[in-house]
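Participant: So you can see what is in the structure, the chains are spelled out below.
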Amino acid sequence: MDISLENETRNIYKREIEALIQRDEKYKTLGPAELDAIVRAFEFTLKNGREKVRAQMLYDLIHEKKDS
Amino acid sequence: MLLERIRLRSFGCFQEQDFDLHDGINLIFGPNFSGKSTLVNAIFFTLTGKPIVPRVDASAMKNPKAYSGTAGIQFIVNDERYQLFRGTEKRTLLRYEKEDAWHVLFDDKRIRATESMLQERFSIVHEQLALTTFLREGEIFEFLARQSATRRDILHTLLGIDRLIEVRQRFIDTRRIARREQGRIRAHQNSLRYSAQNASETEIARIEAKLKDLETAYGAETSDSALVAEWVQHQNRLQKQLDTLTHQQNETLSGFNDAAHLRQIIATIEKAIQESTGLETKREKLIQQIGRLESEIEALTTVCNTLRTLLESGEQHCPTCHQEVEQEVIQRIVDEKGEEKSQRSTELETHKQSLETETKNLESRRELEQRLQALQARSTQYKQRAQDIDKIQTELNALSSRLRETGTQQNAQSLSDTLTTVDKQQLKSQIDSERKKLDKLKQEEAVRLDRLGALQRANLDAAKVEKTLLSLELACTGIDKTIETLQQQILKPAEDELHHWIDKMQLFGETRVDLQREHLLPSLSIDGADRSLMLLSGSEKMFLYLCFKVALARVLGNPGFFVLDDPTLHLDGERKTLMVDFIRQLAEEHQVVVTSYDEDVRSGLEGAHLIEMSREA
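Here the protein sequences line up with chains L and F, keeping their order. For the first sequence, this note's numbering assigns the number 1 to the initial residue and increments by one for each residue that follows. For the second sequence, this note's numbering assigns the number 1001 to the initial residue and increments by one for each residue that follows.
One chain only, chain F, in its complex shape (with noise of 0.2 Å):
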């Protein structure tokens, strides 16, 4: 890239200008506050869309009176003529020259939009460039005094190892994943091989071989003394029903004589309970009794308290009635009432009496009930297992004579055919015990199979599951590695290029260079000795940072051209001159455009395109 032009509308404190610039050296000179690093800040800008001083807003670029600035650039890229716009309302505008009239190539707002456009037309990446291609005033400074971790991640993200370690951890993560997958699969085995084991074929054959067995034996025998030994069976079952049954008639009937003892009983209290008929109506009139004398005692006492308190007190006049008292007919009144009273409490006495007989004869009634209710349920049990009996019993009794009339139960017979009768029970239930435990057996083995068969599966997800974590593990080495080869691919060059220049420059004498990978900064062994950076002086700190700087832009790439802001401020007459030819040396191969207020490096540079500025403008 060949810069031609920068081009100023409302930017800084330009209203509208334009300055050429040319192959070789252009010396932007002119005192302070005369715009020298405007027009630096104006290239950076405009390739970047950022101010080259970070941390500074872009709007703050534009002339103070104007709404809005823009700052553009004409150049040369593969003899293709471009100028490029960028507003401080963001706006960028490209357009290229054809047949002596511009065209837009690009015109747009969106930043993204436009650094992916810059950075695949031009290769112009915003870090890239503030490394490799411009110095701006005091940023060797501050790239020294930031932490070793610090420069490191600015390198880093030069040459995307940062992302490559941004890829390196979400494998880590996928190996997390992959490993808790592995853990679920193998608890999945353990259970289904607990469960898969212990195969029940054997068993199965040899309990299938006794069947076999026992069924042949059981068939030979098997004939029409079959049925006949079915019936014994049969009759076994029934006389053991019928034994049970009427031991739980004997226990129902268990304090009665008989049947007939319990229904008198029955009976009997039936017409107790009917005589009781108005126990209730007869105890609720008593109490009614009752509660009546007792208020006519109490009224009686009353009044045979006030007449006798009138008596005692000797009172003429009734406080009452103020007749006049009369004693002896109060007194006779008194013992009247007095007889009555104890007349009504005779009576109250008796019907208390009463009452209490009353009460015990309730009791014993419900008690009689309740005895009536437990007698008429054994009552009804007896009955209905009589009946249940009377069934059995015939039943029995037409097995009987089935048997009889078959005439196998015979005395002569029935010792032999007994024994085998009960050898063939025995023969059947053995069979059918086997059958039972032969489908249990076969029922478990389907079971086993089949996790047998999920066992399979899950050894497969296993061999997959380990191959993917090779594979996440492979994949994390293979980024360390590439880390590796990208950082000696860029920084062996740069090596070289730095000793190049120190050499060039015929800086620090006898010197090898490290660039150690940790800090990727040089370190320095001078004359056989160690030399911290920290401990050189300023001058040789510039000196050293730029020759870094230019060994990185030859191995990360430059479009061209460097540009640096007043390289010689705080510098020597000797070191300034040392500057000027690092200056024309750097020409030699690109274009350089440096700022200077400084008359020696004016004469220095003598023969460079001059662009005088001035206070006034």
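Extracted from the complex, chain L is given alone in its bound form (with noise of 0.2 Å):
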């Protein structure tokens, strides 16, 4: 992927999360901490390519994220 779309997706895919979360009824209780594990995991897992993240890093970087 090229690199100025790969940042074009990070962004829209951003964008999409922010607007489901103010649209849908059920993510209201999700908050700025959730937002930012999701978005950190969508760019580590698009960066690093599936072979390399394990779904258990995911659950752990999305799992523990909100007690911080």
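By construction, these hints were calculated from the structure, which means they are not laboratory data. Each hint should be verified, as a subset may be incorrect.
[Said to hold, decoys possible] The calculated EDC-like cross-link candidates involving lysine to aspartate or glutamate, where the alpha carbons are at most 16 Å apart (straight line), are:
(1) F/Lys-1464 - L/Glu-64
(2) F/Lys-1210 - F/Glu-1473
(3) F/Lys-1440 - F/Glu-1201
(4) L/Lys-47 - F/Asp-1162
(5) F/Lys-1467 - L/Asp-24
(6) F/Lys-1464 - L/Glu-18
(7) F/Lys-1467 - L/Asp-36
(8) F/Lys-1467 - L/Asp-60
(9) L/Lys-14 - F/Glu-1484
(10) L/Lys-14 - F/Asp-1439
(11) F/Lys-1481 - L/Asp-60
(12) L/Lys-28 - F/Glu-1466
(13) F/Lys-1481 - L/Asp-24
(14) L/Lys-47 - F/Glu-1166
(15) F/Lys-1467 - L/Glu-25
(16) F/Lys-1467 - L/Glu-64
(17) L/Lys-14 - F/Asp-1480
(18) F/Lys-1481 - L/Glu-18
(19) F/Lys-1436 - F/Glu-1166
Keep in mind that this is a model prediction, so the values were computed, not measured.
Make one complex out of these two single chains by using the hints.
Facilitator: Here is the structure:
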């Protein structure tokens, strides 16, 4: 993937997540910490690829992030 | 990017040759086998490290006579002049011009490092370049002949959607882990809920109150009389023990008049056993004697039989010793031996009877020994119990005398005192029982409170996992939305661009173009009727595909030039003119490199920078 397209994709993803939180009632309980964790997990996987990123890593990233 | 020069060293059919390129249209013109496609391949190989024709090894592109080959291009990006060389042995060299001198920027053999450098510096990506910039021979037909899913995959790769799908899959895997965790926590919660319920607080309070009442009642009654009550209680206990022992003692003496009788019987048995000493030896001797007698009888029988046989045979001489046979003498010997045998047999019978008697005696003695052991054990037990009884009796006597001394065991008071003592005993026993119950309940309550704490922690964990699951759901939905947005952002402009080119080339008259999301290929509605892409003529497909390529180049990005290898192949005169027109329009905004062997194209592109190729070159 082209780097500019990768950056653009990341921005689109963040905007879409924010829009979903605003739009959908069931996501209202999620706060900035959760949003940050999701975007970080997304960037991490997009950058490192499926082979290097295990599902448990993402689980830990999203699950633990909320404590901080 | 403006291409200025192609530089070849031992590449394809070329030994060492440079080809200058200009802005605008560059026509590489020449007959077949003159190296036109090699120049196209050289540009592609220099930029990507791969041959333009898929599944061809890079080493096959060198000159057959050389150890390795090199292709290079000189180009300008943002007013900076660069030279990029790529060897068939994978070495890549990038240098830039500064103050009339070339400076090396990059020199490496590692493929990934080279790819990253070119992507970062010039946004060059192999797949993107192949689809948006180059048209190689036969490409359109290969693309259209592919399965729609394969076509979609190619474009998904270009848009980065394949990567997004991978990320989504990872999030789905992660949701699976979260669900497993949720299941585990729920099971834990259920087990804790069960053991954390049924609070015993009310029951504890009730027992505590009851216990307090009982203790108060017991305390009011307990003074000096408490000691006496304890004594009486102890006395009763001792009496009970004494009764039990006496009963057991009576059982021990069952079958006997008294203890003296038991001792007398034991003495008698001991005497009988003592008298029977030597029974085994006597029996052994008898067995030996019987054996000897049996042997003698057998020998006598043999002799008698032999002699009788001799007599009956009427032989004059003995067959063994050859002496003369004297019938009378032999008969006498036979008679003597027969008598002797008879005596031995009588003796044997007597011995056998004696042996039988002795065996019975021995068995009786063994029974006596066993009986003696049992009686001796009973005697010992009797003695031990008698000692215990004496001891308890002594203690009981002492206690009775103590009670007598305190005067509490007087006939006049005995009835009421005994009753009070019994009441207190019952009260004490009730208090002990309630205390035990209370201790047990308190222990259970402590465990319950511990479980309750664990349940509260599990509830927090459950809420956390619930939120994680929601986050992951949002993450997946976010990716779906991103894919939709990306497709819209790229497909809509591509569709507009395609419309622009179809109008510009006056293709298909009144058309409506729809880039279908699934196949990512144009679907055409011509004069109000849907027309399948595959039903277009060859030249229509070619133009549509070229327009689509330009449209994709517009939205995905293009290095600034197009390279078209023989685009008029199979086109008739009219369509050739249309293609020349297309190239000219493309060249209004881009540098275009075209190869052809067609004179019509040469004359149509008059004014273009001409690179003439010949087979000799």
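Participant: Against this structure, judge whether each hint is valid.
Facilitator: To see whether the hints hold, each was checked on the structure:
1. Between the alpha carbons of F/Lys-1464 and L/Glu-64 the distance comes to roughly 9 Å, so the proposed pair stays at or under 16 Å and holds.
2. The suggested pairing of F/Lys-1210 with F/Glu-1473 is violated, with an alpha-carbon distance near 58 Å, which exceeds 16 Å.
3. A hinted pair counts as satisfied when its Cα atoms are at most 16 Å apart, and F/Lys-1440 with F/Glu-1201 qualifies at roughly 12 Å.
4. Restraint check: the Cα-Cα separation between L/Lys-47 and F/Asp-1162 comes to about 13 Å, which is no more than 16 Å; the hinted pair holds.
5. With a C-alpha separation of about 15 Å, the suggested pair F/Lys-1467 and L/Asp-24 falls inside the 16 Å cut-off, and the hint holds.
6. At most 16 Å may separate the alpha-carbon atoms for a hinted pair to count; F/Lys-1464 and L/Glu-18 exceed this at roughly 21 Å.
7. Of the pairs offered as hints, the one joining F/Lys-1467 and L/Asp-36 holds, with about 14 Å between alpha carbons and a cut-off of 16 Å not exceeded.
8. Restraint check for F/Lys-1467 and L/Asp-60: the C-alpha separation of about 13 Å stays at or below 16 Å, so the hint holds.
9. At roughly 14 Å between alpha-carbon atoms, L/Lys-14 and F/Glu-1484 fall within 16 Å of each other, so this suggested pair holds.
10. For the proposed pair L/Lys-14 and F/Asp-1439, the alpha carbon gap of about 60 Å is over 16 Å, so the pair is violated.
11. Restraint check: the Cα-Cα separation between F/Lys-1481 and L/Asp-60 comes to about 24 Å, which exceeds 16 Å; the hinted pair is violated.
12. Restraint check for L/Lys-28 and F/Glu-1466: satisfied, since their Cα atoms lie roughly 13 Å apart, inside the 16 Å limit.
13. Our distance criterion of 16 Å between C-alpha atoms is met by F/Lys-1481 and L/Asp-24, whose separation comes to about 13 Å.
14. For the hint linking L/Lys-47 to F/Glu-1166, the alpha-carbon distance of about 11 Å falls within 16 Å, and the restraint holds.
15. Between F/Lys-1467 and L/Glu-25 the CA atoms are separated by roughly 14 Å; this keeps the pair inside 16 Å, and the hint holds.
16. Our distance criterion of 16 Å between C-alpha atoms is met by F/Lys-1467 and L/Glu-64, whose separation comes to about 11 Å.
17. A hinted pair counts as satisfied when its Cα atoms are at most 16 Å apart, and L/Lys-14 with F/Asp-1480 qualifies at roughly 12 Å.
18. With a C-alpha separation of about 11 Å, the suggested pair F/Lys-1481 and L/Glu-18 falls inside the 16 Å cut-off, and the hint holds.
19. Our distance criterion of 16 Å between C-alpha atoms is broken by F/Lys-1436 and F/Glu-1166, whose separation comes to about 65 Å.
Hint compliance for this structure: hints 2, 6, 10, 11 and 19 are broken, all remaining hints hold.
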